[in-house]
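Engineer: Chains A, B, C and D, in that order, are what the protein sequence lines are. Numbering-wise, our numbering puts 303 at position 303 of the first sequence, and it's gapless, one number per residue. Numbering-wise, our numbering puts 291 at position 291 of the second sequence, and it's gapless, one number per residue. Numbering-wise, our numbering puts 151 at position 151 of the third sequence, and it's gapless, one number per residue. Numbering-wise, our numbering puts 186 at position 186 of the fourth sequence, and it's gapless, one number per residue.
What the hints contain is simulated information worked out from the structure, not anything from laboratory work. All values derive from a computational prediction rather than experimental measurement. Heads up, the beta-carbon is just placed ideally off N, CA and C, and yes, glycines get one too.
Covered by chain A, according to a simulated footprint, are these stretches of chain B (three or more residues, beta-carbon under 8 Å):
hint, stretch
1, 169 to 183
2, 236 to 242
3, 248 to 257
Take a look, some chain D residues computed to stay more than 12 Å from chain C by CB distance:
hint, residue
4, L74
5, E77
6, N89
7, L116
8, E117
9, R187
10, L339
The residues making up each chain are set out below.
There are 4 protein chains.
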Amino acid sequence: MGKKIKLGILGGGGDSLIGVLHRVASSMFDKFEVAGGVFNTDINESLKFAEELGIGTDRIYANLDEFIEQENKLPEEDRIQVVSVLTPNFLHFPMAKQLVEGGFHVICEKPMTTTLEEAKILKEASDKAGKVFAVTYTYTGYPMVRQMREMITSGKLGKIQKIDVQYYQGWINPIIHDKEQRNTIWRLDPEKSGISCCIGDIGTHAYDMIEYVTGMEVKKILADLNYLYDDNQMDIDGTVLLRFEDKVKGVLRASQIATGEENNFTVKVYGDKAGIKWEQENPNYLYLLEENKPLQVLKPGHAYNSDFSLSGTKLPPGHPEGIFDSMGNIYHGVAKAILGVDAFDGEYPTITDGLRGMNFIEKAVESHKNGNVWTSIDE
Amino acid sequence: MGKKIKLGILGGGGDSLIGVLHRVASSMFDKFEVAGGVFNTDINESLKFAEELGIGTDRIYANLDEFIEQENKLPEEDRIQVVSVLTPNFLHFPMAKQLVEGGFHVICEKPMTTTLEEAKILKEASDKAGKVFAVTYTYTGYPMVRQMREMITSGKLGKIQKIDVQYYQGWINPIIHDKEQRNTIWRLDPEKSGISCCIGDIGTHAYDMIEYVTGMEVKKILADLNYLYDDNQMDIDGTVLLRFEDKVKGVLRASQIATGEENNFTVKVYGDKAGIKWEQENPNYLYLLEENKPLQVLKPGHAYNSDFSLSGTKLPPGHPEGIFDSMGNIYHGVAKAILGVDAFDGEYPTITDGLRGMNFIEKAVESHKNGNVWTSIDE
Amino acid sequence: MGKKIKLGILGGGGDSLIGVLHRVASSMFDKFEVAGGVFNTDINESLKFAEELGIGTDRIYANLDEFIEQENKLPEEDRIQVVSVLTPNFLHFPMAKQLVEGGFHVICEKPMTTTLEEAKILKEASDKAGKVFAVTYTYTGYPMVRQMREMITSGKLGKIQKIDVQYYQGWINPIIHDKEQRNTIWRLDPEKSGISCCIGDIGTHAYDMIEYVTGMEVKKILADLNYLYDDNQMDIDGTVLLRFEDKVKGVLRASQIATGEENNFTVKVYGDKAGIKWEQENPNYLYLLEENKPLQVLKPGHAYNSDFSLSGTKLPPGHPEGIFDSMGNIYHGVAKAILGVDAFDGEYPTITDGLRGMNFIEKAVESHKNGNVWTSIDE
Amino acid sequence: MGKKIKLGILGGGGDSLIGVLHRVASSMFDKFEVAGGVFNTDINESLKFAEELGIGTDRIYANLDEFIEQENKLPEEDRIQVVSVLTPNFLHFPMAKQLVEGGFHVICEKPMTTTLEEAKILKEASDKAGKVFAVTYTYTGYPMVRQMREMITSGKLGKIQKIDVQYYQGWINPIIHDKEQRNTIWRLDPEKSGISCCIGDIGTHAYDMIEYVTGMEVKKILADLNYLYDDNQMDIDGTVLLRFEDKVKGVLRASQIATGEENNFTVKVYGDKAGIKWEQENPNYLYLLEENKPLQVLKPGHAYNSDFSLSGTKLPPGHPEGIFDSMGNIYHGVAKAILGVDAFDGEYPTITDGLRGMNFIEKAVESHKNGNVWTSIDE
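Take these sequences, add in the hints, and give me the full structure.
Structural biologist: As structure tokens, then:
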């Protein structure tokens, strides 16, 4: 075999959708090969899944302890270098921490941890280890999101004055209205899922996206969450007012009870020179609104895009790429970082993004519980 | 001449856009004829404009006093029956009040008054007079808005749980950043324009639309407005959290600094059975989102629409009608009310809508000034 | 009464949709007043309809002969100056001819006549009379169609190389498959409707639009029509290959059995510098495709549009206007021509457009009947 | 290593876009591993590219002869089983034939050969060999194309009566107008590219798609091609009239001089019950038009889709997949066929599709050269 980066995977076995997403993404730029991991808490299931994947079973381990111990016995050039953590949320923290301390690069699903406290500890450990740590805010890998970031940060919109981000889904609707389901589903169980459902699951994507594309930091927030039923402890909808520096205001809207919505994540940023919009469900269109000019619709692969955007498109214009390709771009960025190759700024979301995401979740719930009051995001 | 309803107009002369809108609207169903009015404070300008319109000059008056006095001398069947008030905002209240008390039906532009107090007084006068009083929230006349109203109020969406309305424009952007302009334009002068710019001008449209299509009342609000510059006394952007009864929440977003936006007014309502969306810039599409079903796009003129919606479409499907037609439907409703013809519920926005709109404006500003706190909308 | 142009109407009574369209259109720029006409072959129906319209009944005539005789007795300044011919197709020719020869300006619905021969005779009569003669190819009045024309003829697209126009409807589908209906409906009866249904009714719109927006003439055509059933004598679908000068080719597609389509009329023109697209069902968007540039979407009312386009928009950007407004622009053009006011080139389709339309219909049927062979359009 | 199907690749080295597409597609369902091949005519380039891909170099061969000889020496379970032919068009035939006769399954890029004669020979060889032979009409792998096929063939549209397919690109525009380029580019050189450029390259996609989604066969065609310049021997634009059985007609439009178009491939099929539309640039939407019903927009991943469509979606609704995923579905189909797993009908385009494609190209050129006359597609 050749010289691909050896990738380990924790979780993602069986019918896991996130497993497919990460495996396909890892293959897109010919940089990684899946070499082993712990797909399942049951080693037999893990082995069976490895056979389904058509990969060797010799590096399928019973648990993370064994994984780390055995891999570290191997010569460095044979070793699994980077591990994708695709386990349930509450396992992200302990596993990622153990991996970081064990000398592995980490690709961690979001939310990175279940509390801000954990996130801080993990960041400290990661900073100490000096390894690559990516948090898969998948949507930041889209070529037109990258283009948006480049256009905003290079001043195309002028001074930003208004930010509006929406993440609407409807999937919890049938669950929340079924008394039995709403009391048994893990997503609505704080013990398993943390303090927030909607804000934690999709609000964070929206939050990260804002900071990613604008390069600006949210300073304080005022959240109004909705729990809809008294016996439901987790928010399933929320609107969050945002304050940035210098009179810049914004609003973040997230819902899982927007009945009939699929994955309607849209971003709008308005500056004093122009506005810009992007919609995840039609990710290959970027709308530029300039005063007294026709609306412009930018698409991937054209030379008018930035090099960073272009690096995330594999085919010529008119050949739509999608979410697998977006995640593939993030994996590509991680590969470059591991290989020490020159990369663009922002090719993968970092542990700082993960930490700020946890910060946002905790402060949003706090703001709401305190009666919808302004609450600062920690520096 | 025949038996059309005689319509008087106050304001709307010269290049007035609102004048064109009302005149064309009045002609759409062959119910009205423009018989006279006061187009301008300068009688000569008024007379000149009457000639441009090709109408007689004998009922062009120097001012409202003369208008009322002279018209009331005419035999009832010759008299102007209804008057459209298209003057600057601060004149709406005194003129409408005088007309109501003078025995005329009134079609009043929004905002109906400049203060809630005025609105209350006007409503009292109108209730006493028992005449038709319409407030031209123009957008409620669109066939697909009417269809949305019928579908929501008849239960197609189930119990409403989430409401999201947006009204984004960008036209103040160049003005607000020009120090001279922002201190001289009447829209930003509280003396002339009232206490609010953005909420008063377009936020009220959004507010009225929500109550119009859902039949529900907003109970309290929390507003975060943006003034952008310290020497600007009027909001030019704002987000308002909404609370209805029974855990129903919503958010209203309005902006005049959403650079590059034209008149992007969109309404989304989600119930426990389905969601629905409408966009003013593409007014002939109504999107119905039902779980596990294809997205449905309803269009005007089809038999699947309600009778009320169908009454607002003049041509078969595929022949787009626009904002003139929407306003025409409102005028049609007013004509029916004047003629005592059976009409649909909701054919024109009433003085109650006008009053609630003023209530909203005052409370939004109050909420913001008090530090973004929950503030009740009066019953 | 003032000085509006007095308009007579032939046909368009009762529930006539075309009647509404023309009446509203005539009112849009305050230039016309409906003064009389022959709405119906039954004078009592005509009188009743006049009352419904709220116009006087003194100039409602029993027939066209009486109309012409009586009007010509009036002093010139009181006389009806222009007459809209909204009767069934086979009456267009005799009525228009009589009006032209009687000294009236004419606004004639399309198809202008039922044969090319009639069209030639009518053109000769009209040329001789020297009056305004408009043929209401309604869609040419849209602001973005006018903008398209201006951009193409001023060279924005470079040299034209490819033209593609589509006009798809589905309304005949249920009729054609119902044996009884297809043998009784007047549209499918050559005696009443002429030699063509689909090409005659909507193909002509498409044909006229091509020549209108490009300023180029079709030289020869090859048509493949579809009759679908042997006992149906009229085409209900057809594709026509087009040849212009200088290796420019095009294709015109029309159908009335495109099931589910409403009024899907789209125009695409490609030059060596850029391409352009417009869709009637979303008439306020004009798409400009330039190589290596973002797609541009032009909208009405912006200063980047030509003066001609801007003259056809009554409100600022973001306030959608529709088909009534498009027809209103054509009426405005006719008014200017009658008044001798400076007008833009192309403000209303002329009798030459009507003649070329008839030419196209006859040659399309001829090409098909001869076995889908190339057939010249007469100069 | 595990038990993936070993895939060989001919061509596709260096910056080849088609190479990326096939490699990523092959990885999507964990069924294939790239084991070797001949990426380049220069063995050193091939070896270098293998290293870039991170695969072993031991099965990189100097040429196809060596590939076949060496692989056939290996034990059957180690052998490369299937080979993707990504070389320039004129090499498809000899290479595919040699592979088929050498005992390999083949995945061949389109056009399958350069002449109909070659295609017939290849089909005979393939039939004899009894191996899997796929032709990568990439677009047939999209979930909504599969859904369209299932809906049409199961009668959802009723009896088909009208078919309209468009494939518009603009990329040849700058080339055709540059005299030097148009005489040197291989695409416009009949020696290298066959007898047709536009019809051969993209017309075939459109042709195959029609037969794929309707299950109907085109019987005869009338083509009007455009060469634009006298010194250009290859069509760069064309419209083709289509006749199916039983009065069903259609039109196929293809262009490479539709300036500014990217890859605008759209399919419309109308039956007597409903119409359906799909657009490649927005591949996750399928439009169903039923009379007197709202337009329905079907999207991937919903349970209302067929099992075949659902098998081609890897994530839940709202997570857009693209062209890589479409090709991945075709590879998945090939894998199932190789593994003898139950598959859906139509999971990959076959050699019969490739043959009919060549038939279409030759007959289209013949029809045009003979003066735009009807020409039969051979059975």
